[in-house]
Each structure stands twice: as C-alpha cells, then as structure tokens.
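Colleague: Taking the hints into account, I'd like the entire structure generated from these sequences.
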Amino acid sequence: MAATGGRRMDEARWTWDLEPNHSIDVTVGDAGLSYYGEDWNSLSGGGYFAGFQSFADFRRDGPLKGMPPEVAAEVRRVVDVAEGGGLDFVIVVDGETPEEIHATLDGRTLMLRETATLFAGPLPDGEHRVEGVLLYPGDDARGRRRARVFEERFCVDAAGSLRITETRPRWAD
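Numbering follows my numbering, with no gaps: position 163 of the sequence shown is 205.
Hints may be right or wrong, so weigh each one.
[Unchecked claim] Derived SDA-like pairs (lysine to any residue); straight-line CA-CA distance at most 20 Å:
id, residue 1, residue 2
1, K107, Y90
2, K107, N63
3, K107, S76
4, K107, A92
5, K107, R119
6, K107, E80
7, K107, V117
8, K107, G89
9, K107, R55
10, K107, Y77
11, K107, T69
12, K107, T139
13, K107, F91
14, K107, T146
15, K107, V175
16, K107, R118
17, K107, V120
18, K107, T57
19, K107, L152
20, K107, L60
21, K107, F94
22, K107, S96
23, K107, E61
24, K107, G93
25, K107, L147
26, K107, N83
27, K107, F97
28, K107, E142
29, K107, G168
30, K107, V121
31, K107, W56
32, K107, D81
33, K107, G79
34, K107, D59
Keep in mind that the hints were calculated from the coordinates and are not lab data.
Every value quoted in this text rests on a predicted model; they were computed, and no experiment measured them.
Modeller: Written as structure tokens, this is what we have:
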C-alpha cells in the first residue's frame with residue numbers, strides 16, 4: 043500500500059517485453075513511477091533500475107520509451123487517482139431526458155446540462171451527495187414546466203455509475 047493525499051492506495055504494477063529476454067516493469071507508488079528492467083541478453087544480464095518519474099514528470103514527459111499504449115493508458119488512470127483525481131464515475135438520469143438540469147455534487151454546482159449525464163469524471167473514494175432539479179416541458183393547461191427534485195447519497199469505493207431513477211415530482215412556474 044502507498045499513501046497519497048492522506049489516504050491509502052494499492053500500488054499498481056505492469057510488465058512488458060522490450061524484446062525477447064528483456065522486460066521492463068513499472069510500479070506506481072506514493073512517490074511516483076519506478077521502472078525496473080530485467081535483461082538476459084547481455085553477459086552482465088540481470089535486473090537493473092531503469093528510472094523514476096514523479097507524477098508531474100509523467101504528465102509532462104509522457105511514459106518511458108517503449109511502454110505499450112494500453113499500459114500507458116492504465117498508468118495515466120492510476121496517476122489521476124493517485125493525484126486525488128479519484129475513481130472514474132458517471133451519474134446519469136434514467137428515463138425522459140430533461141430540458142434543463144440544475145444540480146450540485148458535494149455542494150459544488152455542476153454545469154447546466156442538456157443531456158441526461160449529470161457528471162462524468164473522477165471522484166475521490168468516500169461519501170458523496172448529488173441533488174438538484176430536473177426540468178421537463180409542461181403538460182398542464184397553464185403550460186408550467188414539470189420539475190423533479192432529487193437527492194442521492196452514495197459511496198464511491200470502485201469505478202462505476204449512479205442512475206437517478208426515482209425523483210419526487212413538483213411543479214415549477
């Protein structure tokens with residue numbers, strides 16, 4: 043386990059072959075990315091330290107030369123989490139798509155959306171609260187828009203999604 047931002051995260055590790063009998067592995071820990079190699083092609087073959095990158099260095103300079111793109115993408119995801127970016131999470135509204143959404147996530151105003159997706163991005167693990175109002179076209183004689191109020195409390199402990207399916211109907215002028 044490695045400590046990041048006052049919380050603990052599991053170290054992540056990947057290994058790939060540069061050529062036959064020559065591999066590199068990267069471990070993402072609390073301080074950054076540590077690279078180690080193992081080369082049995084040379085007379086002095088064996089393990090060696092291949093380098094270190096801080097999270098900022100990785101973002102600025104990119105991955106070690108020869109890192110497969112799929113490994114680089116996974117490392118970027120882990121670096122995002124390690125830097126406090128959190129776990130990938132999506133919050134969507136099921137059913138009819140509202141005309142407008144006014145919502146907050148953990149007290150922060152979300153951008154007004156014209157789609158059913160309220161939020162897509164990283165969230166830190168732990169307790170969260172999303173609340174707001176969904177506005178739909180009016181269907182009564184006065185032409186008032188329909189509004190649905192929602193509030194959801196949820197806990198993030200793995201990447202995933204939250205679907206808002208039940209809301210309390212209200213009328214909005």
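Colleague: Next step is simple, just say for each hint if it's right about the structure.
Modeller: Now for the hints, and whether the structure bears them out:
1. K107 to Y90: 16 Å, holds
2. K107 to N63: 18 Å, holds
3. K107 to S76: 14 Å, holds
4. K107 to A92: It holds: about 11 Å lies between the C-alpha atoms, which stays within 20 Å.
5. K107 to R119: 18 Å, holds
6. K107 to E80: 16 Å, holds
7. K107 to V117: Within the cut-off at roughly 14 Å; holds.
8. K107 to G89: 18 Å, holds
9. K107 to R55: The given pair, whose Cα atoms are some 17 Å apart, holds under the 20 Å limit.
10. K107 to Y77: 11 Å, holds
11. K107 to T69: Holds - the C-alpha atoms of T69 and K107 are around 16 Å apart, at most 20 Å.
12. K107 to T139: 45 Å, violated
13. K107 to F91: Roughly 15 Å between the alpha carbons, so the hint for K107 and F91 holds.
14. K107 to T146: Violated: K107 and T146 sit about 42 Å apart, past 20 Å.
15. K107 to V175: Roughly 49 Å separates the two Cα atoms, so the pair is violated.
16. K107 to R118: The given pair, whose Cα atoms are some 15 Å apart, holds under the 20 Å limit.
17. K107 to V120: 19 Å, holds
18. K107 to T57: Answer holds: K107 to T57 is near 14 Å, not above 20 Å.
19. K107 to L152: Distance of about 38 Å is beyond 20 Å: violated.
20. K107 to L60: 10 Å, holds
21. K107 to F94: With a Cα-Cα distance of about 13 Å, the restraint between K107 and F94 holds, given a limit of 20 Å.
22. K107 to S96: 16 Å, holds
23. K107 to E61: At roughly 13 Å apart (the allowed maximum being 20 Å), E61 and K107 satisfy the hint.
24. K107 to G93: 11 Å, holds
25. K107 to L147: This hinted pair is violated, its Cα atoms lying about 39 Å apart.
26. K107 to N83: 19 Å, holds
27. K107 to F97: 16 Å, holds
28. K107 to E142: 46 Å, violated
29. K107 to G168: 36 Å, violated
30. K107 to V121: 18 Å, holds
31. K107 to W56: Holds - the C-alpha atoms of W56 and K107 are around 15 Å apart, at most 20 Å.
32. K107 to D81: Holds, because 16 Å separates the two Cα atoms, which is no more than 20 Å.
33. K107 to G79: 13 Å, holds
34. K107 to D59: Holds, because 12 Å separates the two Cα atoms, which is no more than 20 Å.
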